[in-house]
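Here the protein sequences line up with chains E and L, keeping their order.
One point on numbering: in the numbering used here, the residue at position 200 of the first sequence is 200, and numbering is uninterrupted.
One point on numbering: in the numbering used here, the residue at position 73 of the second sequence is 73, and numbering is uninterrupted.
Just so you know, the hints here were simulated from the structure itself, not pulled from any lab data.
Computed from a predicted model, the values in this text were never measured in an experiment.
All C-beta atoms, glycine included, are put in the ideal place defined by N, C-alpha and C.
Treat the hints with care, as some may be off.
[Stated by the list, open to error] If the Cβ cut is set under 10 Å, some of the chain E residues that face chain L in the computed set are:
1) Val258
2) Tyr263
3) Phe337
4) Trp382
5) Gly388
6) Leu394
7) Asn408
8) Asp409
9) Ala471
10) Leu477
11) Asp485
12) Leu528
13) Lys530
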Amino acid sequence: MILTDWPQLLLNVHPGLLLIAGAGLVPFARGWARSALVLLLSLGALYIVWHLPTGLGGQWRFLDYTLTFILADNLSRLFAIAFALMAFAGMLFCCRQARSLELMAALVYAGSALGAVLAGDLITLFVFWELMAIGSTLVIWSNQGERAWRASLRYLQIHLFGGVVLMAGIAGHIHATGSIDLVEMTPESIAGWLMLAGFLINAAAWPLSAWLPDAYPESSFSGMVFLSAFTTKTAVYVLLRMFPGTELLIVIGAIMAVYGIVYALLENNIRRILAYSIVNQVGFMLIGIGIGTELALNGAAAQAFVHILYKGLLLMTAGAVVYQTGKYKCSELGGLFQSMPFTTGCAIVGALTVMAFPLTAGFVTKAMISSAAAKEHLTWVWLLLQAGSAGAVLHAGLKYPWFVFYHNDAGLRPAEAPANMRLAMLLLAFLCILIGMAPGPLYRLLPFGVDYAPYTADHVIAQLQLLLFAALGFFLLLKYLQPRDGITLDTDWLYRHGVARLLPSLLAAANGISRLWYRQLAGLARQLQKLLLVAGRQDDRLANDVAIGESVFMVVLLLGVCLLLYMA
Amino acid sequence: MQDSHPLYQPLNRRRLKIFGIVLALLTLAAEPFVHRHAYFGFADVFGFNAAGGLVATITLIVLVLLLAAVLRRPENYYDTD
Chain E
1 MILTDWPQLL
11 LNVHPGLLLI
21 AGAGLVPFAR
31 GWARSALVLL
41 LSLGALYIVW
51 HLPTGLGGQW
61 RFLDYTLTFI
71 LADNLSRLFA
81 IAFALMAFAG
91 MLFCCRQARS
101 LELMAALVYA
111 GSALGAVLAG
121 DLITLFVFWE
131 LMAIGSTLVI
141 WSNQGERAWR
151 ASLRYLQIHL
161 FGGVVLMAGI
171 AGHIHATGSI
181 DLVEMTPESI
191 AGWLMLAGFL
201 INAAAWPLSA
211 WLPDAYPESS
221 FSGMVFLSAF
231 TTKTAVYVLL
241 RMFPGTELLI
251 VIGAIMAVYG
261 IVYALLENNI
271 RRILAYSIVN
281 QVGFMLIGIG
291 IGTELALNGA
301 AAQAFVHILY
311 KGLLLMTAGA
321 VVYQTGKYKC
331 SELGGLFQSM
341 PFTTGCAIVG
351 ALTVMAFPLT
361 AGFVTKAMIS
371 SAAAKEHLTW
381 VWLLLQAGSA
391 GAVLHAGLKY
401 PWFVFYHNDA
411 GLRPAEAPAN
421 MRLAMLLLAF
431 LCILIGMAPG
441 PLYRLLPFGV
451 DYAPYTADHV
461 IAQLQLLLFA
471 ALGFFLLLKY
481 LQPRDGITLD
491 TDWLYRHGVA
501 RLLPSLLAAA
511 NGISRLWYRQ
521 LAGLARQLQK
531 LLLVAGRQDD
541 RLANDVAIGE
551 SVFMVVLLLG
561 VCLLLYMA
Chain L
1 MQDSHPLYQP
11 LNRRRLKIFG
21 IVLALLTLAA
31 EPFVHRHAYF
41 GFADVFGFNA
51 AGGLVATITL
61 IVLVLLLAAV
71 LRRPENYYDT
81 D
């Protein structure tokens, strides 16, 4: 019975919880059994989300609320499919090479991301949201070493802070409305603003974006493949669901789009280039959400879906390079196409997709956002999106593959990546091309009906002009883009360096102010004491029982004032 | 390091450059034969996207060079304290 009905039984399991529970089995498996286990778990999750019926499921009464573990509609299903697909591709990429701790952490991370996008209420969302922070921290942490450890702590601090902000917002919202439903809202109340801020922190929105390029590249060769897929895209999902049409997101997205390009171009570390590229691409998605029309929201959702695929692909190629050479700097690489032609081919497919080159998945999705901006006559937004498309040519599109696989021959001749890694890259490269050539199935998964034809002669020629002339500019100014050792100061300077430097000065100033206040207060107390003594002599009040209570009151009052001054 | 592969030979590098430039110019040459339906009047100007791509690239790279002068620090900047 069970043998024949297992597909039906599997469909009753929460896909996220399947991965989270399955992670507990990983330490007990070795060799091929471990690989089979993680692949089957992620395939199982993909099978479940693919067959999720529309509607609510997995409801559970908790305190005075009904928690909903499954909210399946086009939007949540789209993200869940992308997450499950990426969990499978990521597991395929590293099932034989990664440490068990990383595989466990990645399963928990992917499972909690699935739980978050399928959550039907704010409390369930928050629980999976925080579990995701723990899972992702462990993914970074599983790359042993002092740098990874420190980076994971900084990452955790930011995400716990984001979690507190989000929790405060959710609590405020529930207090005000009595509802835990995931509903569309505008940031008008304090609770709304706090929730928006909590989501934006996870979306790596500027100025709190530096955690991403700081932490992700410190993970293992494979860890960043998982990290790139889930956290920022879960934030994009909740923003799509809860804050569509919030114009502030256009401004934040525009800043992220430019910031990501500029910082990626300044980088020498290949995985930091791709990390800044994530910020750049999420910026495009936020612009789409901020525009808020059906076309723009479809564009943002579709862009998130294909971004998970092509950024995963690019990070797999970068991971393969790091795994095979042990090097991660553009200045130490070059000429790898000679011994790693397969990885080079996959990197080129990923690069073409990130550039939105015709016949790739990027072309059929990114243009939806710029068309939406044009239809709404948002001139400067449209111009910025065009400039951003040209900018994408520069970093992930050209700089990464050019300096790593061609440019100057560094003399490295590593072998191709192992078979499982190549298979994972092939899968994602195939999907990038397939979606680009036949976007229909993806369009059918989008939250709103799609009436959009990407392949018009006008659009293809315009895009080719933009990309090819941007590439021309890149090669004209190539000598100014030579990678050099060093780092670029980002907003994380404030909490990594600035606070440490400014804190002693701030404390000294606060100390001086409190001493001044203390002297004034002591003078006041002496005056008060004199008055009381005079009063005591006049009518002997200080000898009465009542005066003890008054004295205690005065002492408590003074101590309270001192405490307040000290805390200030 | 020796650049042994044919793609590193100066002649082939030059050929690659010429190929890229010709490809870019071909997209310009194709524009008059395509029915344009730009949403903005200024985007209908011949070669708008080509010029936009080039100008955006150069602007971004100039911005990068300016920021590099201000924000670049040694690799061990955060490890020194």
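Hints versus structure:
no.	hint	result
1	Val258	holds, 8 Å
2	Tyr263	holds, 8 Å
3	Phe337	holds, 8 Å
4	Trp382	holds, 7 Å
5	Gly388	holds, 8 Å
6	Leu394	holds, 6 Å
7	Asn408	holds, 7 Å
8	Asp409	holds, 5 Å
9	Ala471	holds, 7 Å
10	Leu477	holds, 5 Å
11	Asp485	holds, 5 Å
12	Leu528	violated, 48 Å
13	Lys530	violated, 52 Å
Violation of the numbered hints given earlier is confined to hints 12 and 13; the remaining hints are satisfied by the structure.
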